[in-house]
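Peer 1: So the chains spell out like this:
2 protein chains.
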Amino acid sequence: MKVKEYYKKLIGKAKELRFLDTISMLVGWDYEVNLPPKSVEQRSEQMSYISELSHRELTDSDNGQLIKQIMEHPDYETLTEREQRNVYIFKREYDRAIKLPVEFVKERAAARVKSIEIWKKAKKTDDFKLFLPALKKMFEFAKKHAEYLDPDAPVYDTLLDLYEPGMTVAQYNSIFSPLKEATVEILDKIVHAEKQPDTSILSRTVPKDIQEKLAHDVMPVIGYDLQRGRLDTAVHPFTTGFYDDVRITTRYMEDFWPGCFFAVLHEAGHAIYEQNQNPKWKYEPVGGYCSMGIHESQSRFHENTLGRSKEFWKFYYDKFKELTDEIFDDVAFDDFILAINKVEPSLIRVEADEVTYNLHIILRFELERDLFEGKIKIEDLADTWKDKMHDLLGIEVPNDTLGVLQDTHWAGGMFGYFPTYALGNVYAAQLMHKMAEDIPKWREELSTGNLDGIAKWLQKHVHETGDLYDAPVLIKKITGKEPSHIYLVEYFKEKYYPLYC
Amino acid sequence: MKVKEYYKKLIGKAKELRFLDTISMLVGWDYEVNLPPKSVEQRSEQMSYISELSHRELTDSDNGQLIKQIMEHPDYETLTEREQRNVYIFKREYDRAIKLPVEFVKERAAARVKSIEIWKKAKKTDDFKLFLPALKKMFEFAKKHAEYLDPDAPVYDTLLDLYEPGMTVAQYNSIFSPLKEATVEILDKIVHAEKQPDTSILSRTVPKDIQEKLAHDVMPVIGYDLQRGRLDTAVHPFTTGFYDDVRITTRYMEDFWPGCFFAVLHEAGHAIYEQNQNPKWKYEPVGGYCSMGIHESQSRFHENTLGRSKEFWKFYYDKFKELTDEIFDDVAFDDFILAINKVEPSLIRVEADEVTYNLHIILRFELERDLFEGKIKIEDLADTWKDKMHDLLGIEVPNDTLGVLQDTHWAGGMFGYFPTYALGNVYAAQLMHKMAEDIPKWREELSTGNLDGIAKWLQKHVHETGDLYDAPVLIKKITGKEPSHIYLVEYFKEKYYPLYC
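Chains as they are written, first to last, in my numbering: chain A, 68 to 568; chain B, 68 to 568.
For the record, the hints were derived by calculation from the structure and aren't laboratory data. Treat the hints with caution; some may be incorrect.
Identical copies look the same in the list; a pair holds intra-copy or inter-copy alike.
[Said to hold, decoys possible] Computed list of lysine to aspartate or glutamate pairs in DMTMM-like fashion (alpha-carbon distance at most 25 Å, straight line): (1) 173 to 124; (2) 82 to 127; (3) 280 to 322; (4) 262 to 378; (5) 80 to 174; (6) 280 to 97; (7) 347 to 119; (8) 377 to 557; (9) 181 to 112; (10) 105 to 83; (11) 381 to 396; (12) 347 to 112; (13) 105 to 519; (14) 166 to 440; (15) 82 to 174; (16) 105 to 279; (17) 76 to 108; (18) 80 to 127; (19) 388 to 402; (20) 173 to 72; (21) 76 to 124; (22) 409 to 265; (23) 80 to 124; (24) 75 to 174; (25) 347 to 108; (26) 76 to 174; (27) 381 to 292.
Just so we're clear, the structure is a prediction, and the values are computed from it rather than from any experiment.
Assemble the whole structure, with the sequences as input and the hints as a guide.
Peer 2: Shown next as structure tokens:
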């Protein structure tokens, strides 16, 4: 049989797997947004069934056969770059799945449910010791997972690659170490600046219906197409979906309007990335997002680079004032800009500002790295956390609820996930730097409310490229440079020094 | 291998199929309730994939093998009645699926989509001729479908059995013919009665939020558990789901509040039936609804037998008045009861009252029957419709939009479906008759707002029995009598003669 025929079959399989994926996303969305309180158990059974089914369909021995038939075919090289990449991604997912014994996957899934339950309790009661046995278990599962995938590679490298293909400990170190140093220095200047924002602006009461109106007004401004998406309420903001049906959620806190407004910009940034995938590649492996880091670069870009910029508010502040009735009538433009760009060391990652955020991530990265390299013990995690918070952010952690217990990721066994968040910021800045070269007047355009150039640039270079390359390769293709911290540091300095100093 | 082991495997397969079914229902619900306008095509692809997958999983040759291994096993008789029924239902579904060539199923699905589009246009423009070719095609598909399933049986019998297992043309004739005659007679008395309702009560403006409040108040009253369900808005009211997650929809017309109120009672009746399935049989074939007719008996019972009864309003009218502010303050109880029980020949089935409704169905049944028996031609359907409306309801049909084009069923190829609606009314009355023997004071209890006895009786006799028997057998088991029209006729006379005459 011709290589193209095997290839077509594989693409057919990929399409079915993508369908299962979109179904799973929809069921998950419904779980967060619509689930009747007493149907949690029934829904969990349904969701386990979908993951089992997906796993079964992915690990079907026919798939292994097809991959072989294509890759060992004498005409393999006649496949285009995109086609070869499709085979490569399919193979990567297949290998990752086939190497895990079914029993292991089941045991871990069951342990994860329990672990998250215990973590919730431990977080509520500030009891790290209660959580410790479950955490140890999830840590062991992660190690085992990495060993199944590649018994010869360093464990943490394998885990990092799971969330951000192509990234290693060494690469993260080379970006995060200088970023850490530079950030600490910048932070020091900002917090000691004489000028400080009046953050009471951020906690003026804005009724829910006004926040909703604001959200619906701003989403189309940055290019999120609500004809192919929707906004709903959930406990945590998130984005889910694919091409023509990409949905975001937010939550409304009447005494902290940025909690909705910037979450919506953030999630809409994710959503735009999904909506703008290349329709010609729909259902192909390359027709999906590149990596968590690139995904996060798009959300952060819209939330921070655009959404907290002076230029954005130059055209949007009047509209904002109009929609919020008279709530902000007395607030001067500069005071508003300073307030939404408040920088301050704080305890909770998800509430951190743009500058300190990466320090929260680097802390977690270093802890994970040192854990897997055996340099620290899991029993000491709570204390080491406190020490690091002191070193990096200069603040004391009063208890573990506000410290090591704040995030769900480790409880869910997701070691290696955190670094992608900061990588998103790094990528966003590097992309912005290149965009500024291509569109020198992008800030002027933005300040008049013209986002077309920006949107088209992102669409062409980032969104439509889908998963054609691993993220570091993509970044180099677009910007001509290896991924680096320098653009983010430059962005911080250019933005915050004039603001504060 | 022991018969029990084969059986367990089959039940495992049934459970997986049920999961797929619940997923399909959820995706369908989301389509009606939440779909972003421009994701129709993407969702359609997703839904086709789910049906293909379900079909593939059902027709898996392993299933045929298992069925054989069980039914031909020397110890087959050691299986309990329930277990044998599970095998029987599984086999019935398997046979129905395996007998249809995949190509046929695909062609029909594609033709259906087109047919429904054409029907929509034809209905809008009152153009039966435009619809005719598509209708003919769907009619041929239905014939072919029946022939694939059983080449020796009369076509319409096979189709009727698809929607209502165990029912034949002869059985429907034996119920519908006398029901028709009796109804025409009753109707004649009612429409010529001197006392007639003031139906302006029904079109008093009730704002949407009040209708919503009413709906949320009344649902728990009749036993619909909103901890395991939810109410949303959709173009047409419907019920979907399973056990702990059963959802209903309604729509709000501010100038016709019964359009929401009674639709909610109707759908909640369906929902209660699903919520009350026997949890011990969850995911087994018997742990689902018995038939469309039995399902409809539960919706009709709650909408009409309870919801339009004097006794229900004896305890609920004060609450109704309170929730609707002062809108009905001047309406006397008897006038209200008469208004919500208005009987009048009308053109549209879905708007018909309890008494004339069955005539709308019998008309459709007779047309389908005569079509498949070759007694009338499909070209003449629009005219025959008009003649029959004249004969049965004594009204002239001014155009086909209000006549043969009003329903979507035939456009979708669902010949044999309509009769189950009227059968639901027949069953509801027969069940009520038996319930009245078991709980002689049920109407007194109802009038004090005590619905416990009624709910428990339905749960025990109807809901928890699931699909253990075909509907006619179930009705005989519960009531001791074959399904018959006489209880419905009796119910009409006992209810409407005192009201009108």
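Peer 1: A separate judgement is required for each hint: does it hold in the structure or not?
Peer 2: The hints, checked one at a time:
Within a single copy, residue 173 and residue 124 get their C-alpha atoms as close as 16 Å, and across copies as close as 22 Å, so both meet the 25 Å cut-off. Taking the shortest alpha-carbon separations for residue 82 and residue 127, both the intra-copy value of 14 Å and the inter-copy value of 21 Å come in at or below 25 Å. When the C-alpha separation of residue 280 and residue 322 is checked against a cutoff of 25 Å, the pair qualifies only within one copy, where the shortest distance is 16 Å, while the shortest distance between copies is 28 Å. Within a single copy, residue 262 and residue 378 get their C-alpha atoms as close as 21 Å, which meets the 25 Å cut-off; across copies the closest is 73 Å, which misses it.
Only between protomers do residue 80 and residue 174 lie at most 25 Å apart by alpha-carbon distance; the minimum there is 22 Å, versus 27 Å within a single protomer. Taking CA atoms no more than 25 Å apart as the test, residue 280 paired with residue 97 passes in both settings, with 23 Å inside one copy and 24 Å between copies. For the homomeric pair residue 347 and residue 119, the shortest alpha-carbon distance between copies (24 Å) is at most 25 Å, but the shortest distance inside one copy (29 Å) is not. Taking CA atoms no more than 25 Å apart as the test, residue 377 paired with residue 557 passes inside one copy only; the shortest distance there is 17 Å, against 78 Å between copies.
In this homomeric assembly, residue 181 and residue 112 come within 25 Å of each other (Cα to Cα) only inside a single copy, at 15 Å, whereas the closest approach across copies is 36 Å. Proximity of residue 105 and residue 83 under a CA criterion of 25 Å is satisfied inter-copy only: 22 Å between copies versus 32 Å inside one chain copy. Taking the shortest alpha-carbon separations for residue 381 and residue 396, only the intra-copy value of 15 Å comes in at or below 25 Å, while the best inter-copy value is 56 Å. In this homomeric assembly, residue 347 and residue 112 come within 25 Å of each other (Cα to Cα) only across copies, at 16 Å, whereas the closest approach inside a single copy is 35 Å.
For a Cα distance limit of 25 Å, the shortest separation of residue 105 from residue 519 across copies, 22 Å, qualifies, whereas the shortest one inside one copy, 46 Å, does not. Taking CA atoms no more than 25 Å apart as the test, residue 166 paired with residue 440 passes inside one copy only; the shortest distance there is 23 Å, against 60 Å between copies. For the identical chains of this complex, residue 82 and residue 174 are inter-copy neighbours only, at 21 Å across copies versus 29 Å inside a copy, given an alpha-carbon limit of 25 Å. For the homomeric pair residue 105 and residue 279, the shortest alpha-carbon distance between copies (22 Å) is at most 25 Å, but the shortest distance inside one copy (28 Å) is not.
In this assembly of identical chains, the alpha carbons of residue 76 and residue 108 lie at most 25 Å apart only when taken from different copies (23 Å versus 37 Å within one copy). Taking the closest pair of Cα atoms, residue 80 and residue 127 come within 25 Å of each other both inside a single copy (10 Å) and across two copies (18 Å). In this assembly of identical chains, residue 388 and residue 402 lie within 25 Å of each other by CA distance solely inside one copy; the values are 14 Å within and 53 Å between copies. Taking identical chains as interchangeable, the C-alpha atoms of residue 173 and residue 72 lie at most 25 Å apart only when they sit on different chains, with a minimum of 23 Å there against 35 Å within one chain.
Proximity of residue 76 and residue 124 under a CA criterion of 25 Å is satisfied in both settings, with 14 Å inside one chain copy and 20 Å between copies. For a Cα distance limit of 25 Å, the shortest separation of residue 409 from residue 265 inside one copy, 9 Å, qualifies, whereas the shortest one across copies, 66 Å, does not. Taking identical chains as interchangeable, the C-alpha atoms of residue 80 and residue 124 lie at most 25 Å apart whether they share a chain (8 Å) or sit on different chains (16 Å). In this homomeric assembly, residue 75 and residue 174 come within 25 Å of each other (Cα to Cα) only across copies, at 23 Å, whereas the closest approach inside a single copy is 35 Å.
Proximity of residue 347 and residue 108 under a CA criterion of 25 Å is satisfied inter-copy only: 15 Å between copies versus 39 Å inside one chain copy. Only between protomers do residue 76 and residue 174 lie at most 25 Å apart by alpha-carbon distance; the minimum there is 22 Å, versus 33 Å within a single protomer. Only within a single protomer do residue 381 and residue 292 lie at most 25 Å apart by alpha-carbon distance; the minimum there is 23 Å, versus 51 Å between protomers.
This entry satisfies every hint, going by the numbered hints stated previously.
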